[in-house]
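J.: These are the residues of each chain, in order.
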Amino acid sequence: VLEQQATGLQSLAAEGALLAADAARGRSTVTFVRVHAAELAQAAGTSETLLAKGRTADARVLTALARRTAADLDRLSHSGSDRATARRLAADLGRAAATAERLGKRL
Amino acid sequence: VRQFLQIALGILSAIGGFVDIGDLVFNTQAGATFGFELMWVVVIGVVGIIIYSEMCGRVAAISKRPVFDLVRERVGFSAGLGTLIASEIVNLLTCAAEVGGVAIVLQLLSGLPYRVLALLAVVALLVVSWSLPFEWLERIFGYMGLCLLVLVVAAIKTHPSWSHVAHGFVPSVPGGNRLVYFYFVVGLLGAALTPYEVYFYSSGAVEDGWGPKDLRMNKVTAVIGYGLGALLSVALMVLAAMVFLPRGIDPAYLGTPALGVEAILGKVGLILALVGILFAVGGAAIETSFAGAYNVAQFFGWQWGKRERPSKAPRFALSWIVIFVLALGIVMTGYDPVKITEYSVIFSVVALPLTFLPILLVANDPVYMGRYRNGRFSNALGVAYFILILAIAITAIPLMVITNGGTG
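The listed protein sequences correspond, in order, to chains U and R.
Numbering of the first sequence is given in our numbering, commencing with residue 37 and proceeding in unit increments.
Numbering of the second sequence is given in our numbering, commencing with residue 66 and proceeding in unit increments.
Hints should not be assumed to be uniformly reliable.
Partial list, computed: chain R residues near chain U (C-beta under 8 Å) [what the hints assert, rightly or not]: (1) L174; (2) G176; (3) G313; (4) E327; (5) F365.
Computed cross-link-like contacts, DSBU-like style, restricted to lysine-lysine with a CA-CA straight-line distance of at most 35 Å [stated by the list, open to error]: (6) U:K89 <-> R:K404; (7) R:K222 <-> R:K332; (8) R:K284 <-> R:K377; (9) U:K141 <-> R:K222; (10) U:K141 <-> R:K404.
Please keep in mind that the hints were generated in silico from the structure rather than gathered at the bench.
Quick caveat: nothing in here was measured; it's all calculated off a predicted structure.
C-beta atoms are modelled at their ideal positions from N, C-alpha and C, and glycine is treated no differently.
Construct the entire structure; sequences and hints are all you get.
T.: In structure tokens form, the structure reads like this:
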């Protein structure tokens with residue numbers, strides 16, 4: 037279950053990073069970024085709720101990662117046309133995806 | 066010249082109308098999970114829908130009988146009723162998925178609340194279905210659906226290794242989870258061979274009063290229209306394989322294929338993709354509601370037809386309105402349309418054999434078809450596909466359960 041959650045989290049963070057990178061380069065619309073990032077943030081929030089029920093150290097690490105990812109996606113959703121924020125979030129979400137991938141492989 | 070123009074217009078609307086929410090979901094997920102490995106399934110699926118659409122168009126043109134008329138006659142009342150119930154459930158689920166898809170795309174374009182947009186979408190679909198003639202519905206949704214050709218441009222611009230793409234057209238032993246692989250094989254075939262397309266195509270042919278002179282147009286539209294339409298499925302898979310697979314993205318949202326286009330072509334690509342998806346999915350919503358109404362009316366022998374005034378075919382008109390309203394009810398529960406799509410595609414596979422068997426039997430029957438009955442080649446292909454359809458119908462639900470809907 038933890039492995040599946042890690043994979044799901046990696047997917048959400050990676051998709052968010054791709055969206056944020058497009059927003060940073062002005063290649064997306066404000067509405068698309070707002071709606072799609074909110075959808076991804078909601079899924080990351082659901083993942084956090086599920087992971088928070090786990091009692092292992094890995095579950096705690098993943099819970100924290102899910103929380104950060106949900107918060108980053110939520111910020112992206114509200115970033116409007118602020119390209120600098122989108123650029124920073126693209127980098128953060130990219131790192132979150134890489135961390136989730138590493139954790140998923142270890143589990 | 067006029068007939069050539071008619072054929073060209075038919076082909077264009079068939080291309081634009083080829084992709085529905087099932088194709089969008091399954092082709093994107095298949096590409097993101099298995100790269101180019103499942104390209105061959107698109108070919109098998111499109112050849113199947115060409116064979117059976119051509120057959121049911123020919124049956125409609127010569128015998129003047131639509132599919133559900135034949136279902137009741139050929140398989141009897143009880144089995145026919147079972148097929149009708151299964152088909153109506155699948156039609157309703159598919160219609161709900163398409164309506165939900167329209168609402169999601171409208172939300173991605175406007176930012177307004179999902180449920181408000183679902184309601185507006187159904188009202189708009191009811192109004193256009195009620196007020197516009199068939200040709201206009203077909204043309205508006207088919208031609209605007211051509212915006213999806215942006216998928217082909219985006220797929221080419223990802224610069225895939227074409228030799229790897231070509232290898233995907235040859236069936237191979239799967240590298241990853243085999244059960245998930247076979248789940249996607251079934252899903253992709255189910256998305257290509259959707260029963261509602263057959264019901265709609267056949268009933269439309271009867272409504273349009275097709276005769277022997279229309280058989281060439283039937284063949285050309287089915288072969289070229291669906292064939293070129295399959296290009297969109299291939300493009301979706303290439304795009305997903307090139308953009309999502311390397312990043313580990315599992316495309317679980319309807320906005321994700323549009324994001325793939327955006328990543329390659331930017332804002333203009335994104336808007337074209339969203340508009341294309343909107344009309345493709347909206348057109349499919351209308352087709353599913355009408356297909357459901359056609360089935361009920363034909364099975365019970367009611368007066369039917371889009372060309373008939375609602376006062377002359379009231380139960381038919383009420384049926385497609387009820388299907389839209391029930392679909393809206395499902396969407397309003399907030400259940401994820403992508404999940405509804407997965408269920409509707411897999412359940413539709415189960416209903417396929419009883420839909421396709423009567424077509425195959427009548428297309429072979431000299432009493433109905435005279436000199437227009439199936440030739441040896443058509444028959445061999447029809448039977449081969451029927452065996453394939455039986456196999457996937459038996460395995461569809463167990464695979465969905467075992468693989469947890471393809472998630473492994």
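J.: Would you mind marking each hint as holding or not holding in the structure?
T.: Verification of the supplied hints:
1. L174: For L174 of chain R, the interface hint holds, since the closest Cβ of chain U sits about 7 Å away, which is under 8 Å.
2. G176: holds, 4 Å
3. G313: holds, 5 Å
4. E327: holds, 5 Å
5. F365: Violated. Min distance 42 Å.
6. U:K89 <-> R:K404: holds, 25 Å
7. R:K222 <-> R:K332: Holds, at about 15 Å.
8. R:K284 <-> R:K377: Status holds; Cα separation ~32 Å.
9. U:K141 <-> R:K222: holds, 32 Å
10. U:K141 <-> R:K404: Satisfied, since the Cα-Cα distance of roughly 27 Å is no more than 35 Å.
When each numbered hint is compared with the structure, a violation occurs for hint 5 only.
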